[in-house]
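Line by line, the protein sequences are chains G and W.
In this text, residue positions in the first sequence follow full-length UniProt numbering: the first is 1, and each later residue adds one.
In this text, residue positions in the second sequence follow full-length UniProt numbering: the first is 1, and each later residue adds one.
Hint data in this document are derived by calculation from the structure and do not stem from the laboratory.
On a predicted model such as this, the values are computed, not experimentally measured, just so you know.
Don't take each hint at face value.
Said to hold, decoys possible - Ranges between beta-carbon positions, derived for each pair:
hint : chain 1 : residue 1 : chain 2 : residue 2 : range
1    : W       : 36        : G       : 485       : 19 to 25 angstroms
2    : G       : 117       : W       : 446       : 46 to 52 angstroms
3    : W       : 92        : G       : 446       : 30 to 36 angstroms
4    : G       : 281       : W       : 426       : 26 to 32 angstroms
5    : W       : 413       : G       : 281       : 31 to 37 angstroms
6    : W       : 172       : G       : 412       : 37 to 43 angstroms
7    : W       : 352       : G       : 429       : 34 to 40 angstroms
8    : W       : 105       : G       : 458       : 37 to 43 angstroms
9    : G       : 485       : W       : 85        : 19 to 25 angstroms
Cβ coordinates follow ideal geometry from the N, Cα and C atoms, glycine included.
Protein chains: 2
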Amino acid sequence: MSSEPEIQPPSTETPDESGEKISKKAAKKEAAKLEKMRRRQEQEEAARKTASLSLEDESSSRNYGDVTLTELQSTADPKAGKWREAVEGKEWTNVSELVEEIAGSEVLIRGRVHTNRPVSSKLGFVILRQSGFTVQCVVTESKERNVSVNMVKFLKQLSGESFVDVIGVVVLPKEPLTGTTQQVEIQVRKVYCVNSALQKLPLNVEDAARSEADIQAGKPGANQDTRLNNRVIDLRTPANQAIFRIQCHVQIAFREFLLSKGFLEIHTPKLIAGSSEGGAAVFRLEYKGQPACLAQSPQLHKQMAICGDLERVFEVGAVYRAEDSFTHRHLCEFIGLDVEMAIHKHYSEVMDIVGELFPFIFTKLEERCSKELEAIRKQYPFQPLKFLPKTLTIPFAEGIQMLKEAGVEADPLGDLNTEVERKLGQLVLEKYNTEFYILHRYPSAVRPFYTMPCADDSNYSNSFDVFIRGEEIISGAQRVHDPELLKEQAIRFGIDVDTIKTYIDSFRYGAPPHGGFGVGLERVVMLFCGLNNIRKTSLFPRDPLRLAP
Amino acid sequence: MSSEPEIQPPSTETPDESGEKISKKAAKKEAAKLEKMRRRQEQEEAARKTASLSLEDESSSRNYGDVTLTELQSTADPKAGKWREAVEGKEWTNVSELVEEIAGSEVLIRGRVHTNRPVSSKLGFVILRQSGFTVQCVVTESKERNVSVNMVKFLKQLSGESFVDVIGVVVLPKEPLTGTTQQVEIQVRKVYCVNSALQKLPLNVEDAARSEADIQAGKPGANQDTRLNNRVIDLRTPANQAIFRIQCHVQIAFREFLLSKGFLEIHTPKLIAGSSEGGAAVFRLEYKGQPACLAQSPQLHKQMAICGDLERVFEVGAVYRAEDSFTHRHLCEFIGLDVEMAIHKHYSEVMDIVGELFPFIFTKLEERCSKELEAIRKQYPFQPLKFLPKTLTIPFAEGIQMLKEAGVEADPLGDLNTEVERKLGQLVLEKYNTEFYILHRYPSAVRPFYTMPCADDSNYSNSFDVFIRGEEIISGAQRVHDPELLKEQAIRFGIDVDTIKTYIDSFRYGAPPHGGFGVGLERVVMLFCGLNNIRKTSLFPRDPLRLAP
């Protein structure tokens, strides 16, 4: 990758929660600057291209060059151009497949220019990157192999992040290679630029991939906003490639477990009448002349699915929160993993599912994503999550007592704040050696209106939160399935019951006792990997200040 | 189930596309009527409960009754009530598990009152339904078994759709049972009403489950709006239970195939700046002071994920269309199954994935969902979909020619209308014996701005549509990855390029040739099962007139 620090000046800001610091004005200014820079670069590139390379014989000049757009428009004509002719009848080999066993064979590979290191007018090295794997390509001027000086020149001017097709021979290197993942080199015979990146990028992948330790040691980093503003470049770092593979695997394991337990995957509407579950933090819009909002969670509809006899359901879908939360753990749009199930007699049936599901997910991640976890750890060091095969469950009152004994006062009928939650997590870790546990029987006052109060004391409720590394990640509960009590609680919570009439009425047509829970996908990934900001685990994050890219 | 036709008068309207006919005024009137009816019912029920059953000895009276709310609040106290005591230490058996092999054993089951047929003061039959399975429960007055006349009376007054717990003995019936799925009966020892449904429901499950043929023969049906207004009841029909299991299985197979081909599941934001892909049909909202809209598809962001080196991605997520389309095949919110992938040289690489993926899904559905398909067929008869193991691919121009030869004129540079599409589907079926095929090389004028034109003729594009049973279901194409051409095409399509600047800029930092496709989950289920309305395959459908339940 080309490394021009003047574009992205070495920032003293570390990649942290500084997301909210940058104002819109600064963003505009930065955009204008980039636009100007881009125009200049386009002019330079055009100039470069017209300054044609010196004359050479026809046959060697066909071995390199820019692929024309016509050739890339899926032309069926093998004579459409140099590249099209060169790749006719050939298959591409993945960079990961370039191993010692195939030394001597000719391959066609496609990758991005990761680094481009000219040595002389007759020798050049380009490292190509594909799917996180890298291989060194060597081009040496040679009459015999039809490699001209101009081809070396062509290779040298390739900008970082450009897509290149190389046809070459796999050779064993003289010395072990330290700069690439693959332990073979490619002796380049032909090279074509499939798509050219700007010479000067607004973000340097190497800077974005820098660890905190390296930045501390003086190497250039990139601040979080620059990274997020240029997410399509930022996503190319090894850690980011790994994060989104892990996110995918969390869902795979989530589904695998629940489907095996008889759950059905459903999709509930996000466009809903009224005001979702109440509160001001909803995005409102006009729906064909009716007031509508975006669902704050699939809560109401997943319960209605239970009333519709789907018995055990789950959903993976977008959740919208219009809250002005500028923390490391809040997003305005995120992916909710939601579960709802009929129960026979106790909300422990729901906690049993949670308590089995997450250790299952964690175990599968460790088994299936060891390379990805390693890639993340390299940039963001973290300790593996400590969890028990049988999940620890602690009553809320016991948690309060543990805190009290440690000298921390907490309201036994109130909620725990983030700091106290962290403290409790520490105490639990010391006492039980786990960073994953369930705290249940929460005070009723701090739970939503649809939460079932405890039978013996209505100040408490049949509800629970689940913690990872001291942070609340999952909320769950038994729900009120009795329409009169539900209505009464909704009124007590200040909710306009007319706006949730269809929901309340659902319980008049026969409803089973039921419960469920919800968890944010991005938080699971963030806390499992010990990351410090949820924006790192959302592909294109949305927060109160960020609606793009 | 109680069957009171006066509540839902036998409708002459068949379950069809009449969704759009009912006005809001009529809906309000109906709601008021239901509210009044509900209040009357509540009064009647209260009266019924206070008119206490005649005295009987204490021990037999503990064998039946309404479960109190306290007992259902997850109480740990086994003495909290009659029901709580009766179920202590017992496990529930699923109705599907009630088979001849366990005759003689005592079981605890939970189900809805499906039908309630009193015979005499000493004998009653109740059919319980759970997960689509039904079993007959017989209660016979007997001193010896501690079953009182009052218990028979209690059983008789249970309303349809109420949830009931029965403890009883599995017995073999004297004659084969025709009215239930299970071929054993339960001799009731204890019966408790867990949750009582209104005596008179706004929709009768049996009416909602009626086939067209039965309705034609004079049996009561239920019109589509009544069904959708009372979706939590409507969902309980065998066909609906099956439809949402099949929907789940479409996704399972979709993921299974794509994950095996190296695709990664991603989530793109639905809240986006600007106006999505252009056009008026977007839902607009205010996002923290900025104008925003709901994404019409994940198009722009899934392409950006490709620019971010995720290489092969797919998404299962909500898609929003504010179009005033009142057809059998349009929804304002639906689930998009989207795929995007880097390609090497031809958009046929994308068609190859489509052409393999869908036969894979169809085959898996037939293998895994035969019972569900049977349940749907019972209410909505349909012929199995005809498809080839290797998907047929026809150029657009050839389709036009086939139509011409059949006497149908169609503009070779225009789009096909629904009628012509159906006609072509018929011709293809006759010629190739398949109802699933790909039509490609569409005229450029009828495709979105990001579609790559053909190399040899820019009037045509590297795009395709896929048809099932003569209806277009999937659209796909190679995309323009060249930023200048992309910008030029956007302008030509009248799109304000400023609103999609981050998207266009994504291609300046090195972008591979790529393509993809999108399909609506609801349409796949609808057309595979030959259903006549997409509202049947959406859990809680949203159309221009429907924002609830």
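Hint by hint, here is what the structure shows:
1. Between residue 36 of chain W and residue 485 of chain G the C-beta distance comes to about 23 angstroms, which sits within the given range of 19 to 25 angstroms.
2. For residue 117 of chain G and residue 446 of chain W, the hinted distance range of 46 to 52 angstroms is satisfied, since their beta carbons lie about 48 angstroms from each other.
3. The given range of 30 to 36 angstroms is respected by residue 92 of chain W and residue 446 of chain G, whose C-beta atoms sit roughly 32 angstroms from each other.
4. Roughly 52 angstroms separates the CB atoms of residue 281 of chain G and residue 426 of chain W, a value that falls outside the hinted 26 to 32 angstroms.
5. At roughly 50 angstroms, the beta-carbon separation of residue 413 of chain W and residue 281 of chain G lies outside the given 31 to 37 angstroms, and the hint is violated.
6. Take residue 172 of chain W and residue 412 of chain G: their Cβ atoms lie about 56 angstroms apart, and the range 37 to 43 angstroms is violated.
7. Hint check: residue 352 of chain W to residue 429 of chain G, Cβ distance near 51 angstroms, so the stated range 34 to 40 angstroms is violated.
8. A C-beta distance of roughly 39 angstroms is found between residue 105 of chain W and residue 458 of chain G, which places it inside the suggested range of 37 to 43 angstroms.
9. The hinted range of 19 to 25 angstroms is satisfied by residue 485 of chain G and residue 85 of chain W, whose Cβ atoms lie roughly 23 angstroms apart.
Hint compliance for this structure: hints 4, 5, 6 and 7 are broken, all remaining hints hold.
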